[in-house]
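Could you build the full structure based on these sequences and the hints that come with them?
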Amino acid sequence: MGYKGFLFSTAFCLWLMGTGNGELSYSIPEEIKRGYIIGNLFKDLDFDFNRISIRKARLDMDGSEQRYCDINLDTGDLIVAETIDREELCGPIVSCTLKYELVLENPLELHRVNVQIQDINDNPPRFPNARIDLEINESAVKGARYPLDEPHDSDIGLNAVQSYSLERNDYFILDIQTSPDGAKYGELVLEKELDREQQQEVTLLLTAVDGGTPQRSGTVVIHVTVLDANDNKPVFSQNVYKVSLPENSPKGTVVVAVSASDLDEGANGAVTYEFSRISDKATKLFSIDKTTGEIKVQGLIDYEEYKEYEVRVQAKDGSGLTSFANVIIEITDVNDNAPFIFLKSLTNVIPENVLPGTEVGIINVQDKDSEGNRQVRCSIQQNVPFKLNPSIKNYYSLVTTSELDREIISDYNITITATDEGSPPLSSSKTIHLSVSDVNDNPPVFEEQSYSAYVTENNKPGSSMCSVTARDPDWRQNGTVVYSLLPSEVNGVPVSSFISINGDTGVIHAVRAFDYEQFRSFKVHVVARDNGSPPLSSNVTVSVFITDENDNSPQILYPAPAGNSLMTEMVPKAALAGSLVSKVIAVDADSGQNAWLSYQIVKSTDPGLFTIGLHSGEIRAQRDITESDSMKQNLVISVKDNGQPSLSTTCDVYLLISDNLAEVPELKDISHEESSKLTSYLIIALVSVSTFFLTFIILILAVKFCRRTKPRMLFDGAVAIPSAYFPPNYADVDGTGTLRSSYNYDAYLTTGSRTSDFKFVRSYNDDTMPADLTLKRNPNQLLEGSILTFNSVSDAKEVNPQFFDTSNYSVTPYALYPKPNAVSNICICYVSPLIFFFLNALICHLSVV
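For reference, each letter of the sequence shown is one residue, going -22 to -1, 1 to 827 in mature numbering (1 follows the signal peptide of the UniProt record, and there is no 0).
Hints are computed from structural coordinates only; laboratory data are not their basis.
Calculated pairs, DSS-like style, for lysine-lysine (alpha carbon to alpha carbon, straight line, at most 30 Å):
1) K346 x K220
2) K262 x K11
3) K581 x K551
4) K34 x K346
5) K11 x K322
6) K285 x K77
7) K365 x K346
8) K438 x K501
9) K371 x K34
10) K21 x K371
11) K346 x K11
12) K408 x K34
13) K229 x K262
14) K220 x K268
15) K371 x K408
16) K682 x K551
17) K322 x K371
18) K274 x K285
19) K120 x K162
20) K551 x K610
21) K34 x K21
22) K581 x K610
23) K322 x K365
24) K220 x K259
25) K77 x K21
26) K346 x K408
27) K618 x K438
What follows is the structure, encoded as structure tokens:
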């Protein structure tokens, strides 16, 4: 059978030696080429090929950095990864086995794989020296034996030395001997006695042949020097020396001292020592002193490389007689190897929403030392949400212990520490990096709970008002915030008609100009939404406040603006200095200081006669009125606000200084002209109407006549304006341009005819009707020209709302005298009927004429 046949048969037979319990055994010869297929692990273990990629199969070797064999994950073949030299790997050990572990994940599974390395004859026998020198005494007898140096063959078994051959000669033959350990060595047997006088030296050629195929051999020259007789050889004190040597022993350390004695004297009894048989590896580690026999350390001793060495020592005397002894050196382990941490599997990126207990990595820990020195404890620091769970053998699972939050910690550097139980203990560390990937678990959060924007009215459309900012601690699109307005309405109009928001920056812009007089504030809701899946959002309220500008001029409520009928105030001739004669009432649609009004007389008929309150608008007599003062007084009043710049309005106030209407010349002329134009058929109707009109005049004259008997004038009342005069959005500012509700008034209503342009309103504080006593009268019974007294404007509206309809009536405030006292009532009751009948008779007479 050839070499290839040997390889095939050996591998095939031993491949079938797979054992149960997840263990397989294969056998291959040494020096086989790379890529050689040893066997198919998946088939032998009956694995499902479809799940191999999921199981993450790998082949690990315990305690060695060289793999020698590997696995093809595509086919499941166990192949040779590196050329294997059995002699380098195992030395003289007969059984040379590579031990692997087949590791599968999901779930974690472990199978042992043993690969037996078979020896091939790749090393020839080699003698320790190129020449063997023997000194044989000529007195040696026939049959004397002389052991020869044993050649060393790194191969084992049949591939080791099996036979010797000696060059033909006249004196010696070769006899093959077997040592107790099975090694074969040769001895020269003296077949013919030596004669130093005939031949002093004999040279022989010894050949050692192994039993391999093909055979290999080694030769050595034997030089025999014939000496005088030496009949004693050295004898060792013991045949086998067995010692223990700690690994990492320093150079020069004495391992053992061998000793042999020779009974001969002189040079024949002088013994020298040398290694007879020693491996190439041991040659580099040990040396022997030729004279003392001390074996010393000369290299680095490593227990993890070789645990035992066996050498043969020969003792030779001066005549060349030798003896042999075996030295067995056992290497004891020292804790000189720190544990190795291997990261077998790791999920580098972990979602932040993983559940506690999720496995993120698999760790394997190994120690090349033995026994207690290789027992390893594995741990991690305590400040990370991870822990190590022991698994199979030296495997650990790295799992999470609590929930992760990328926004708090996005990366973890986890330091794993492995410590053995040696003395002193050794440890090693490995740091692994884990990243936490983002999950959209945080909604945007506004920097403020609410925002306020202040914008001045009449703003430019498109101008920015304010900005909102929301932060989202998530990453990338999960943290990208987009702003929008929540649909709503302001005064029935969509809020988008007023403002807009930049979706990227959160800047709020005004879509159109605002008017403070229309509305002063409104609220909108801004939504901040991220781009996660699903998106998260939050809202915030933005209050928009419109600030006032001085864009409205004061508006005069009384006297009525130009275009209305002429309104003239009557001032009694007896008015004293400081008497209230009228009041200008104005309002401003603006607010704040923009609505603070001030009054000033810019032009008057008699500049020194009247003055006006700067802030009240009350027109008072600056001095007593005299007969020389003009009856007609015209005042031009300027009303100015306090804005910047200020706006103003002017109005005309017409005053008539008189005690009764009869003194006014214009009124007399008008009455005469109208009476001359009356026709006969209107006289009867005029009598009826005049009766009521004259009754009204008589009452006024009677009151005036009675008041003259007891003159008392009150001008301290304020003027009331019906609600119909107030413009929309009128703002009451500190009482300016408004009325005090503490005053009560008598309202005198007329039809607004030219002959009755005087509208009288009586103000009083003393004799007002109690609040619970109101006028009870059927509104339908009220006649035109009736005089009614009310406590308030609201009481008047309850009686007849149309009295305050400005399309039908004119209501003009005026400050006159208080209500008549008892004397006045007597005058009205008795004098008025007499005057009434007198005037009625006069009218009838005129009508007949």
